[in-house]
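> Please construct the entire structure, taking both the sequences and the accompanying hints into account.
2 protein chains.
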Amino acid sequence: MSIAESGEFGLIGRIVARLGDASSALLGPGDDAAVVAAPDGRVVASTDVLVEGRHFRRDWCSAADVGHRAAGANLADIAAMGAAPTALLVALSAPTDLEVSWAEDLAGGLAEEAALVGASVVGGDVSAGPTLTIAVTALGDLRGRAPVVRTGAQPGDVLALAGRTGWAAAGYAILSRGFRTPKVFVEAYRRPLVPYEAGTAAAAAGATAMIDVSDGLLQDVGHIAEDSVVGIDIRKDTFEIHAQMRDAAGALGVDPYLWMLAGGDDHALAATFPPDTALPPGFTVIGSVHEGTGVTVDRMAWQGGTGWDHFR
Amino acid sequence: MSIAESGEFGLIGRIVARLGDASSALLGPGDDAAVVAAPDGRVVASTDVLVEGRHFRRDWCSAADVGHRAAGANLADIAAMGAAPTALLVALSAPTDLEVSWAEDLAGGLAEEAALVGASVVGGDVSAGPTLTIAVTALGDLRGRAPVVRTGAQPGDVLALAGRTGWAAAGYAILSRGFRTPKVFVEAYRRPLVPYEAGTAAAAAGATAMIDVSDGLLQDVGHIAEDSVVGIDIRKDTFEIHAQMRDAAGALGVDPYLWMLAGGDDHALAATFPPDTALPPGFTVIGSVHEGTGVTVDRMAWQGGTGWDHFR
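Protein chains in written order, with this note's numbering: chain V, 645 to 956; chain G, 645 to 956.
Hint data in this document are derived by calculation from the structure and do not stem from the laboratory.
Every value quoted in this text rests on a predicted model; they were computed, and no experiment measured them.
A virtual CB, placed ideally from N, CA and C, is assigned to each residue, including glycine.
Hints may be right or wrong, so weigh each one.
According to the in silico footprint, chain G covers these stretches of chain V (three or more CB under 8 angstroms from chain G) [stated by the list, open to error]:
hint	stretch
1	670 to 678
2	726 to 736
3	760 to 774
4	781 to 792
Pairwise CB distance ranges (calculated) [to be verified]:
hint	chain 1	residue 1	chain 2	residue 2	range
5	V	E831	G	L896	51 to 59 angstroms
6	G	L760	V	R890	56 to 64 angstroms
7	G	G685	V	G850	20 to 28 angstroms
The following block contains the structure:
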């Protein structure tokens, strides 16, 4: 059955049925708006849009995968502020011949990813449109702490990373060449493993700046450097090259550091901490902050590619 | 200059420059997420997506008009909960050949409409995509009151309306026939006049149910009837037919009641109140709630068309 055949309200009913428990909401789907607890007296909010053919392909990812990716990208932004995600809202625009089951599975994926952090999908909108487009807004709670912004890095701070980089880029490269294995990278691309807990842990440990690594480590750390008016140096020897990644990179003729330093979509969290900080679990030091500008790798300008421009 | 030429970060910079004062935000655009005050300890949130060719046409509306419409549709949902809007987030997907000035003017329209209620655009996302699509999320604050939901209408309540209905539908009909006048209706379609203050006023006055009339009065009041498990009767004689609307309807061979009872996009607010309520300014009684089901007009089934299905 297509979404045109189900009609707007039939489709909404089927989607809501797949959202599962919305216990994080004081008022869930079904009214003009949802009501979500904001116990801190402030709410953190971020929105991201995924467009078919640009951010995902239906022949590369299942609907549930796309749900996980869309939710993960947004929940990671909340985590990168040091906040705990509470809720998602989803605006879906889809061709009228889209199968209802695809929309249902998308909703299932969104709800499953949100449930990983105790959040839920509390509202949304659906519309017909020629291009399958999914805009997600995530909300979160700061639990009484200041948000961890991009402007606070100080010379002398360490740069630390939670989560992995290069895995989704490897998966993307593999899929782009028409392969489906190694599955470990393809799966990393389809459903990023976001280190959500590291976000609030970093805030509690006194992180001075933090960012979600969505466009590539060099580019995203570059935002911290620019906004904090500091230089940041990344040390290559702090990155362990997984044996499978070395093999995959070799097979595709790619420098694995390109994936790890410039590949996006893993949604790792990069944060700076004062030098004497006991880093929270999951974080590894990968560099340092100094007076100056820009991001270097082993004190030199990176000659490989950098990150992602959504209009390139 | 196209948005491809400006690049992602160039475009974001130009958009943010047009957003004006973001004083409603504790932290505005430029980080992973925004931070918005939620003094009530709860946040009201709603999202709506507008797709070119379905919700707007660039030859019918300026970019600023589309901004006003997109913001208005979302802010009206917040008002319909009895909440005061605080912030908007905007996800824009656009063809790479879109003029940067169009995106800038869209941002200006969004910001201007938000400013009407003291809110601002606090965050967003931009992406290339083949179809111009604008997803807006609005946030609001309940100011210590319970949300006004759709389930609370009681037999004996009055049904009251704030704002106008049929004006945007008349404008749409006029534009559809290739005309550009009467300007009063075309303008109503381009920039709905949303009775924002009526939302919080209705909540303070004890409204038992409320809804944003976006898809047509009969359809939207039908949601209150269904969710509250009541019948609702609307009295035609409570609607004054404006002389210009009578003329326009006559010229186009349309029953003006069709516009007023089934036309969407004006974003009036329909609310039910206990019978002895002193109605807040702006509300007029247009019907009553009784035991039963469904919506009738003068106690009879409406034979004209009903509202809008986003997949029809």
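> So, for every hint listed, does it hold in this structure?
Here's how the hints hold up against the structure:
1. 670 to 678: It holds: at least three residues are needed, and the stretch 670 to 678 of chain V offers 7 whose Cβ sits within less than 8 angstroms of chain G.
2. 726 to 736: With 6 residues closer than 8 angstroms to chain G, the stretch 726 to 736 of chain V meets the three-residue bar; holds.
3. 760 to 774: Check passed, 9 qualifying residues.
4. 781 to 792: With 6 residues close enough to chain G, the hint holds.
5. V/E831 x G/L896: 51 to 59 angstroms: Since V/E831 and G/L896 have Cβ atoms about 57 angstroms apart, the given range 51 to 59 angstroms holds.
6. G/L760 x V/R890: 56 to 64 angstroms: 58 angstroms, holds
7. G/G685 x V/G850: 20 to 28 angstroms: Given about 26 angstroms between the Cβ atoms, the range holds.
Violated hints are absent here; each numbered hint is respected by the structure.
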